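Q: With the sequences and hints as input, model every part of the structure.
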Amino acid sequence: MSSVDVVVTGLGATTPLGGDVASTWDAMLAGRSGVGPLTQEWAGPLPVRIAAQLAVEPSEIIERVKLRRLDRAEAMAVISAREAWADSGLADAGVDQDRLAVSFGTGIGGVITTLEQNEILQSSGPRRVSPHTVPMLMPNGPAAHIGLELGARAGVRAMASACATGAEAVALGLDLIRAGRADVVVAGSTEAVVHPLPIAGFASMRAMSTRNDEPERASRPWDANRDGFVLGEGAGTIILERADHAAARGARVYARLAGAGITSDGYDIVQPDPECAGGIRAMRTAIRDAGLTGADIHHVNAHATSTPAGDMGEIKGIRAAIGGHPIVTSTKSMSGHLLGAAGALESIATILAIRDGIIPPTINLDDPDERLDLDVAAHKARTADIQAALNNSFGFGGHNVALIFTRA
Amino acid sequence: MATRAEITSGLAEILEEVAGVNPDDVAEEKSFTDDLDVDSLSMVEVVVAAEEKFGVKIPDNEVQNLKTVGDAVTYIEANH
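Line by line, the protein sequences give chains A and B.
According to the UniProt record's numbering, the first sequence is numbered sequentially starting from 1.
According to the UniProt record's numbering, the second sequence is numbered sequentially starting from 1.
These are calculated hints, taken from the structure and not from any lab test.
Hints may contain errors.
Said to hold, decoys possible - Sample of chain A residues at the chain B side, in silico, Cβ under 10 Å:
1) 63
2) 64
3) 65
4) 66
5) 69
6) 127
7) 130
8) 132
9) 135
10) 139
11) 242
12) 288
Unchecked claim - Pairwise CB distance ranges (calculated):
13) B:41 <-> A:225: 48 to 58 Å
14) A:59 <-> B:9: 19 to 29 Å
15) B:9 <-> A:93: 41 to 51 Å
All values derive from a computational prediction rather than experimental measurement.
C-beta: ideal position from N, C-alpha, C; glycine also.
A: So, in structure tokens, the structure goes:
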């Protein structure tokens, strides 16, 4: 347990459920799905023709000339970071820029730019390739653009750990503040890969739901009839701040980031360990790091993506690492799977669940898998007095990250 | 053959599109970098768009000589 307390003082998001945190949270509590049909012409031949696309297009927020120099993932990152920054009050309070860091990742990077510019290269030749291509496709681009906007000079770090990226970026933020390397860290992640190539790739792995006729019912973690994840896009930002720094400026505090645990499976490049051994170690490490025991954890925002292979292992893991008592949910049932951004969005949901005393539902859990032996907030949001909650994120490559948030 | 005014107005359209420059600010004496805030990457876009629009070839070693809008107009007028 560290002597330095780290708190959350700002939140920002743009997601399939809303263009900001408030609308996203309202949609989650109402149990709304952000999944819809892919109506783009390119979707026609794909086996998967559904996705959870942004509720508000970046072009409605970001000025046109700036937007043409940003990959979609970068634009989303900037939108969520602006909201979080304004929400934190740091713009007015002022911050020592030499003590302001960014820890912001993406699972895949600027793939839409890469593919679009490749089309230009093939059709019109190299001279027509945009001079903005490289800063748009580089995976540190989102972090760098946020750092540039906010004038962060204590380092701009870019995480990449597939679907654990967002959580790992938050965990790194905790480390940076505890180690005394920053007072404030803008943490989070972004993902924008609603494009035929990534979809075809995931679909070839047989990882995605093909419930094309019922988009809103396609993401159904732990349901017996789940058939894969639904791709989502979006970004989330969490402002982490040293607790005494926040207190000194009278900041509004959402929750405490009390601990983190990061492990790797050493099992398979994409298959989850069915025993969730790495996930269990991550959860136990995070709980210990927070100075808590499993009994203290009242709620888990699970990674559960709606794949036949992944969902049940995590249930075993939660039972082993925490016990049978926490109320569990998977907000991916509504948002879809934001890949690298999932850990950021789900951290936000976990933080707001603590603040508001309400757990967003897992929709579509109509016929629970017979092995589901934990209490899931199925169908409807559940009120609960939550002192401490855990957010799990697991990624291709065998990355496991657990974060613990506690009431401020 | 386009007139100088037509080329200037064509450049103004390009500058608005790629760099957000107000067309009213575009005049022959204006410097791309100092007056119109066109950075080096955007200048590359302006050049490529101008090549396409006016059917000219503007080699990279020529671009450094195009300091003002007027320089570009003169080059395009002479080479298209």
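Q: The structure should be examined with respect to each hint, and the outcome stated for every one.
A: How the hints compare with the structure:
1. At its closest, the beta carbon of residue 63 of chain A sits 7 Å from a beta carbon of chain B; the interface hint therefore holds under the 10 Å criterion.
2. With a cut of 10 Å, the hint placing residue 64 of chain A at the interface with chain B holds, because the nearest CB-to-CB distance is about 7 Å.
3. Proximity of residue 65 of chain A to chain B holds as hinted, the smallest CB-CB distance being about 3 Å (cut-off 10 Å).
4. The closest approach between the C-beta of residue 66 of chain A and any C-beta of chain B is roughly 8 Å, which is under the 10 Å cut-off, so the hint is satisfied.
5. With a cut of 10 Å, the hint placing residue 69 of chain A at the interface with chain B holds, because the nearest CB-to-CB distance is about 8 Å.
6. With its C-beta approaching chain B no nearer than about 6 Å, residue 127 of chain A sits inside the 10 Å limit, and its interface hint holds.
7. Against a cut-off of 10 Å between C-beta atoms, the interface hint on residue 130 of chain A holds, since the closest Cβ of chain B lies about 7 Å away.
8. Interface hint status for residue 132 of chain A: upheld, as the beta-carbon distance to the closest one in chain B is roughly 6 Å, under 10 Å.
9. Hint status for residue 135 of chain A: holds, given a least beta-carbon distance of 8 Å to chain B, under 10 Å.
10. Interface hint at residue 139 of chain A: violated, since its Cβ lies 19 Å from the closest Cβ of chain B, which is beyond the 10 Å cut-off.
11. Checking residue 242 of chain A against chain B by beta carbon gives a least distance of about 36 Å; that is not within 10 Å, so the hint is violated.
12. Below 10 Å, beta-carbon pairs count as interface contacts, and residue 288 of chain A has none with chain B, the closest being about 48 Å; its hint is therefore violated.
13. Distance hint check for residue 41 of chain B and residue 225 of chain A: the Cβ-Cβ separation is about 50 Å, which falls inside the suggested range of 48 to 58 Å.
14. Checked against the given bound of 19 to 29 Å, the beta carbons of residue 59 of chain A and residue 9 of chain B, roughly 26 Å apart, stay inside it.
15. Restraint check, residue 9 of chain B to residue 93 of chain A: a C-beta distance of roughly 47 Å satisfies the suggested window 41 to 51 Å.
Consistency note: the structure conflicts with the earlier hints numbered 10, 11, 12.
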